[in-house]
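> Spelled out from the first residue to the last, the chains are:
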Amino acid sequence: MRLSVAAAISHGRVYRRLGLSPRSRLDLLRNLVTALVRYERIETPWARADEMRGYAERLIDYAKRGDKDERAMRMADFWLTEKDLVHKLFKVLAPRFQPHAGSYTRLLQIPNRDGLDRAKMAVIELKGNPLPPLVRPRRDSDRTLLNQLLKGYRQDAQRARGT
Amino acid sequence: RVSSDGKPPKFQPPPKPVIIDRKTKKEESRFLSPEFIPPRGRKDPLKYYIERKDMIQRRKVFNIPEFYVGHILAVTTANPLASDKSSRFVGICIQRGGTGLGATFVLRNVIEDQGVEICYELYSPRIQAIEVLKLEKRLDENLMYLRDALPEYSTVDVNMKPVPRMDHEEIPVNKVQVRMKPKPWSKRWERPKYNIKGIKFELPEHKMQAAQKWSQPWLEFDMLREYDTSKIEEKIRKELSEELEK
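Chains as they are written, first to last, in the working numbering: chain A, 3 to 165; chain B, 208 to 453.
Excised from the complex, chain B in its bound form:
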C-alpha cells in the first residue's frame, strides 16, 4: 500500500472474530418426541403422567435419538434364535405412531427384491440400539406411499455408514418427488385427504381433477377439530428437562 508520508503504514489490528453463539439457539428449538403429547380425549391426565414417568425412566437407561419420518435408521434387537442373539435392520422410517409407552415406528427396506417393513416399539426392552444413519426430513409425515413407489426409492444399503451431521441446527428437507408404479395402488394417493406432496403424479389431468371431487374445503375452517398443543408441550418440556437433569 502506498502510504501518505515516508513512514511505514500504521499497524492495523486484524478484525475481531465474530462469535456466533449456537448454544442459546439450540435451547429454543428443542425437539419433543411426538409420543409424549397426549391425544385429545376424556382420559384422566394421571394415566399420561404415570406413562411419562416410565418413559423417562427408560430414556435414562437407553438413548432414543431424535428422529423424524424419512430418516434412515439402524435398529439392533435381541433375537433368541439368531447366532449372535441380536439382529440388525436398516431402513427408512415411514411412519411414527402411537402415544405413550406403545409408541412405534415403521422401518422399510427392500432386501433381495422383497420389500420388508418392520414395526418397532420405541420403548420395548428388546431393542438394544437405535442409530440414526442419515438425517433428512421429507415433505410428508407419512411415507406409506413408498409401498406403491418404484423399489429404488425404498432401497437402503444395509452396510451404510452413518452420515456425519454438519450443522447442529437444521435438519435438511429432501424434496424428492417419488415416481410410482402403475395403478392400482394400495390407497388412492392422489386424493386430497392424504395431502401428499412428495409424489410426482404422472396421471392424466382429468383423473387429477376427478380426485379433487373428494376434497372437503370446509375442513380447514372447522375450528373445533384443531388441537392446540403449545401449552401442553411447554409443560411436558419443563417436566422432561427437570427429570432428565436428576
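Just chain A, same shape as in the assembly:
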C-alpha cells in the first residue's frame, strides 16, 4: 500500500532545475537566448523554451532602455555570448519592439522529438520575424450553418436593394 503520496507541489518555487547546477542552468538559457536573437526562431524542448522566454523578454526590455545605459550594456554583454548580436539587439530588435508593451515572443508546441527520449518540443520565435509564418489562420468553410445563414441574409439584402 502507498503510505505517502508523492505530489508535484513546488511550494512557490518558480525556477525549473535544468542542467547540472544553477550556474549551468543559466549558461544553458544564455546559449538559447543567443540562438534566439541570432536566428529569431528556434526549436528546443518545451521546458527550456518556457524558462528562456522570461529571460528573452526581460533582455529586450533592458535593450529598450538604450545602449547608453550602463546596466543594459552589462546585461546584454553577459546574456549574448556572440558579441555581434549585441549590436543587433540594440539597433534592430529594440526599435522593432518599441511600440509593444510586452510579449515579444511566441511559444508553440510541436510533435515530440523523434529520438529515444520522445521529448516534448516547442518552437519559440520573436514576433515580427522575417521568416514565413508558422500558423496560417484558417477561415471557416462556406458550408457551416452560420456561414450559410449569413450568405442567405446577404443575398436577401442584395435582392431587396436591387428591386
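All the given hints hold, so there is nothing to weed out.
Here are the simulated PhoX-like pairs of lysine-lysine, each with C-alpha atoms no more than 25 Å apart in a straight line:
#, chain 1, residue 1, chain 2, residue 2
1, B, K420, B, K407
2, A, K66, B, K438
3, B, K404, B, K390
4, B, K438, A, K70
5, B, K404, B, K420
6, B, K442, B, K254
7, A, K66, B, K442
The following label-pair restraints were derived from C-beta to C-beta distances:
#, chain 1, residue 1, chain 2, residue 2, range
8, A, D79, B, C326, 41 to 47 Å
9, A, R73, B, K260, 33 to 39 Å
10, A, M3, B, S437, 52 to 58 Å
11, B, A417, A, D79, 24 to 30 Å
12, B, S294, A, R67, 49 to 55 Å
13, A, D79, B, M415, 23 to 29 Å
14, B, V383, A, D79, 35 to 41 Å
15, B, S437, A, Q100, 18 to 24 Å
16, A, R67, B, Q419, 29 to 35 Å
17, B, V323, A, D79, 46 to 52 Å
18, A, P24, B, A417, 19 to 25 Å
19, A, V125, B, R237, 45 to 51 Å
Calculated directly from the structure, the hints in this document are not laboratory data. Every residue gets a Cβ at the ideal spot worked out from N, C-alpha and C, and that includes glycine.
We have chain A; now place chain B onto it with these hints.
Only chain B this time, still in chain A's reference frame:
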C-alpha cells in the same frame, strides 16, 4: 573706499537674500515604509489593499516615525506587570522585517553586560510611543552581525536625550567598521552572500579568499529575480497621501 570724484560713493543696496525652497525637495524624496510594499507572489492584491487600509487607520491614531536600520529608538509598551503599567526600551534597530500589519523591527542593546534584543510589531496596540533618539543609517540593511561584534558597538545609553535633527533632508550614513569578537560567529559573515560592508575583517587573507569560493557572480545577471517596485510604490504613495489627508 576711495571714490572717483569728491562726492560720497553711490549707495549700493545689499545683495538680495537667496531663498532655497526646501519644501519642494522634501515632497520628491518622500519615505515609504517598507512594510507597505507587497512581496512578490500570487496572492490576491485585495488582501494587501485591506491590510493597507487597516495600517493607515492605525497610523492616523498613532504616529509611527520614519526610521531605518541603524537608528536608535526608544519604545514604550504597555506592560500589566510593571508598576507604571508601561515599560521603556532603548536600542539600535538591527532589522526591519515582515510586510503588512505584522511588520516588525528588532531593537538591540547591552544592559549590564547582557545583550538584549526585543522584536516589536509596528502596528501592535500595546505600543504606546516610538521616539527616534538618533538618526543615522548604516552601510548594511541588516545589522545582525552586531551579535558577534564587541559589545561596545551595541551599547546605547538608556537615558540618552534625543539628538536634534539639523537638516530636514539627508539622513547621515555612519560608515563605522565594526570590530568582531574572535570566531566562531553565529553566521559566517565574511561570505559574499551576506554582502556586509560594515565589518572590519581582521581575518587572514587566505580565509577571505576561501570565503569567495561561495560567491555566485551569475546571480546579479539573473533578470527574473529582480523585483521592480517603482510603479507599485507610486500607486501606494498616492493612496497613502490621499488617505492621510482625509
